Amino acid sequence: MSLDRRTLLAGAAAWGALPWRSARAQAANTIRIGVLNDQSGLYRDLSGPGSTQAVRLAVQESGITQRGINVEVIEADHQNRPDVGSTVARQWIDQQGVDVIVDVPTSSVALAVNNVVKEKNKVFINSGAATSDLTGAQCSPNTVHWTYDTYMLGKGTGGAMVRAGGNTWFFITADYAFGHALERDTTAFITAAGGRVLGSVRTPFPGTTDFSSFLQQAQRSRARVIGLANAGGDTINSIKQAAEFRITRGGTKLAGLLVFVTDVHALGLEVAQGLVLTETFYWDLNDKTRAFTNRLGAMPGNVKPSMVQAGCYAGVLHYLKAVADMGVQAAKASGAEAVNRMKAMPTSDDAFGEGTIRPDGRKLHPAYLFEVKAPSESRAPWDYYKLVATIPANEAFRPITEGQCSLVRS
Amino acid sequence: MEDLLFDLQLVALGITNGAFYALLSLGLAVIFGMLNVINFAHGAQFMMGAFVAWMLLNWLGIGYWPSLILSPLIVGLIGVVMERLLIRPLYKLDHLYGLLLTFGCALVIEGLFRNYFGASGLRYSPPPGFDALDLEYGDFFMPGYRVWVLLAGTAICVATWLVIEKTKIGAYLRAAVERPQLVQAFGINVPLMMTLTYAAGVALAALAGVLAAPVYSVHPGMGANFIITVFAVVVIGGMGSILGSIVTGFLLGFVQGVTDVVYSEASQTVVFVIMAIVLLTRPAGLFGRA
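Residue numbers (the numbering used here), protein chains in the order written: chain C, 1 to 410; chain Y, 1001 to 1290.
Isolated chain Y (complex conformation) (with noise of 0.2 Å):
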């Protein structure tokens, strides 16, 4: 019983692991689905994100749920500007060139923030309250805000997909993708379609990160680390399939969490075993469209 306990404990572990994986790459699948970008600075706008937030909090005073706003809008912008300035003049190239555009974009911006704040990283404390969430049964215990971490991101994901899925902006944004020319001769504005679609995708990231800040100490690497495993989680579910990413990326926190109880060394080698897998068995994905 004891051990069943533990054993659970570490599952849901991975399946709030997951909701992390889910959230960020849903922005990649929502940037690569409507864009064919693949943005590789996804990783430094979930960084900016939980930098915003201790920015926020320490230079002005502003506390977490307001920053929960505020820093997705901020980063967000930042996206727009560089959406206009450097990835538009790619949208017709191939994806090569987006992805280096990227990953050096994403190398410039964490040199820049670790120049400036060092590495070791910085302190986000969540208010005070989550306790009532915590979770609580001999000893399997979940910290709250780990609870409100899960709840919280399962809930953005589904909004997400209901927005893009069901609603007429969503069909816009899926009619603009498939024939551009013809969803403008309509007289909607397909550029700055495009420009919101990569903003808001960025802005995911940076939700993603300010959810992180308190649980991870926010520092430039922070999403070096997690980006690798989250283009893993995209290519397993179907690149630019909102629904794959969103359901692998609960799966592989899952699985992750298996691996944990049964062979812990292999938590992070698992992911990239089943990708590889995947991709011999069904080269488009779990729920890609070959």
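In isolation and in its complexed conformation, chain C is listed as follows (with noise of 0.2 Å):
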């Protein structure tokens, strides 16, 4: 076979046209999800790589590749600063075409994100924040609120501990958008029930190592129950040095507003024992829980899924199911649009069992209140909770005309 020049062009010509336009139909074909956590610091394991794991779980099982649709998955350290995480959230937005954006915990950095989703309006999926503010105030039609928020908490352990007899509270509250949002959430619920909130003390975040010196401020106070307004390690040292200090002896209890299944295994059952908290996902509560937990396989440090890890998979789970039925070149042009369709739709998966997204984009599911086991109580490695109370998902929650979210009123 002879080569001329005009083969030799043509065959270069469509040499180059192929690859460039096989990737142009690529792109409008590739939904691009960014998981976006903390990877080294203090919510690490709650979230971390563990979420990554499980969004890539949801991604296989949504089945949407063998639809010909493309998905990628990146993932990102926001370092627990609003700065970083929303410079991250714009970068993957405008040059790498990322769709939507999964868990995002610690709220000051949540509500960056959600600024930075609603303007170019793509998809915010939050699992790992807590603010309630991102389906009041603050919410946002691109955004969904899948796994939990400070109202909840509030309502499902401060409720539980005012029941109990607590009437008198002291917050040692986290000083940023999380703490100050879960303080004021549960000091509702207090008030509500008749109880008096003696005082509170706000401990620098992130960097606070000893708590012994909030803790003997709130024992001078007197009040009964001492509400922790934190979480991941800060609440792990809190609970470590009251039991050092033997807070509890005079008769105070704790209140762990917010206590990851994570936590409890690094406080180990002998110091947590006795431990009230709410939580919506627990690995051991029910069968489809179980078969979830062991399709998600080993977790990075061996850790057993938390509920932030977890509703990051339902919640791209769902989303993955409204782009099927949306198309892609609909989902990608308008995240808006594609929320609507999340919530036009129920929810169905393993961790979370039948669901809702309300119109302000808070995800509707049952609460439940558990005791963490005594060391006697626990049979296997993992072992420790025992369910208290279930809240149903209509009452889980606050009631949508109270949060003042601008998407209902319209």
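Simulated from the structure, these hints should not be mistaken for laboratory data.
Computed from a predicted structure; not experimentally measured.
Misleading hints may appear alongside valid ones.
To be verified - Label pairs and their computed distance ranges (CB to CB):
(1) Y:Leu1073 with C:Ala193: 51 to 61 Å
(2) C:Asn294 with Y:Asn1058: 25 to 35 Å
(3) C:Asp284 with Y:Leu1280: 57 to 67 Å
(4) Y:Pro1180 with C:Gln79: 36 to 46 Å
Where a beta carbon is used, it is the ideal one built from N, C-alpha and C, also for glycine.
Both chains are given apart, each in its own frame, so use the hints to dock them into the complex.
Written out as structure tokens, the structure is:
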């Protein structure tokens, strides 16, 4: 076969054109998911790389790739800093074509990312952050708040403590958006139930390791309950040092308002036993949650999935159902439309069961009041909780009319 | 009276924290004073001390008391390797290079531990028997283990100061800093002495780590939380001043305790306010030579 100039040119043109066209086609047919969370600090174990693993499982189980739709999952560390979080979100959306941002623990970072995603009309599925403002004053048509929030925690744990006779409170509060929201929402339940808040102390975040002086101040107030409006490593250190200083010897009770299963594991049952806590997912709750945990396989650091990681799974699974339903082009074109489609469809997954998403972006599912087992009651590794009460989905979260979300009023 | 006891307790707590500041800043001061290296890996070495104690207990069944000796030895040995391979070539360069290198080392070490052990932290319980040291009077309560930390910390600080200021080895060391060639001419192996000094500073950090393990949860970020305050202590005390770092460590713990009584929100900030004031009025630090 002879090779003349014409065929060479034609060949070169075809060679140049082919991958270019298929790459374009591929990009238009690809959903990019960015998992943004704490990969290096005190919330790493409860979200971190475990959340990414959960998202990958959701992609795999959604079956969406069999329909010819590509999905890419990337991850980044926001270092619990709002400036870092919003910069990464902007870069992802502007330069890397990310369509949906998932997880984002640390309420201050979540609120910053919430604004970026709304401005760019993409999708924000929040699992890790607690502040109820995400579906309240700062609600957004582009955001779904999946797993839990400060209202639910205050009602669950706070309500249970007041019912058990804890009518005077002192708060140890992490000094940022999350701690403030949790203190505010819990206080509302305490006063509504006839209790009183005697005082509070704000602890620097992040970077506080010694909580003993704050615990002393709480003890000085003679409050019956010390409310810990903090999370992750802060909660672990608070509870540990409360045990060291025998804060509870005079009958004072500790209320860990946000305690994750990974925190209980780090504390050990000897110290954590008897703690009352509220979660929306526990790996050993029922056959479906156990099956989900099994499918997830070994997690980084050999932990069992937290409710935050489970929420990343369930949120992405539901989003991909909406994408399959409305088509990739439409889902990529408008994040608000994709979220509308998610709200229009009932949710169903092994981690949270059946549920719905409200117009303000709040995902509804039951919440569970657990008590941490004593060492003698625990029969297997990670057998930590016993179920005390189930709060039905329609009671667990703040009524939609009370949140002052602009999407509801309009 | 009740209030007074509470205030006293907060101040006492501050001073126990001061013991950690003193131990850590002491190691830093030794390394900076003798080697002219700003050791930003100090927090990571503190953390390694706690982790090695945890590993000794959980992997080999070696308890707290032997760990107080073994863990500083093991981490000190790692310090020897670091000094020989990485830090030695930097002695002749500007401080900044040593600072950047050790800071990088700290990030790598913390990252490795985080990958392997996670971030939530591991449990390390003190051996039973410290209850005997519990101080209790009405509302005043100080756990026995914290009392032990205060006593041990003070003893170690005093011993280190004595070794450097009052013994022959200390005299060689101080001489080697001033005139390394001259000291070498007297037949003293100065490079070896430098290595051992770095290892000793690192071992001090590891020892503080073992002492801290039962108080704080053992986690990869435990040193990073401390190190910024400790650097402020070293600057306030006067870079490289042994006595300065010890006294300032306890002093700042005390000041933090008092701040906790008056306005607890400022207890982290107060250290840096003091640092700013000291730098403005006495740039060489409280105990430093200008």
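Among all the numbered hints in the text so far, which are the ones the structure does not match?
Structure breaks no hint.
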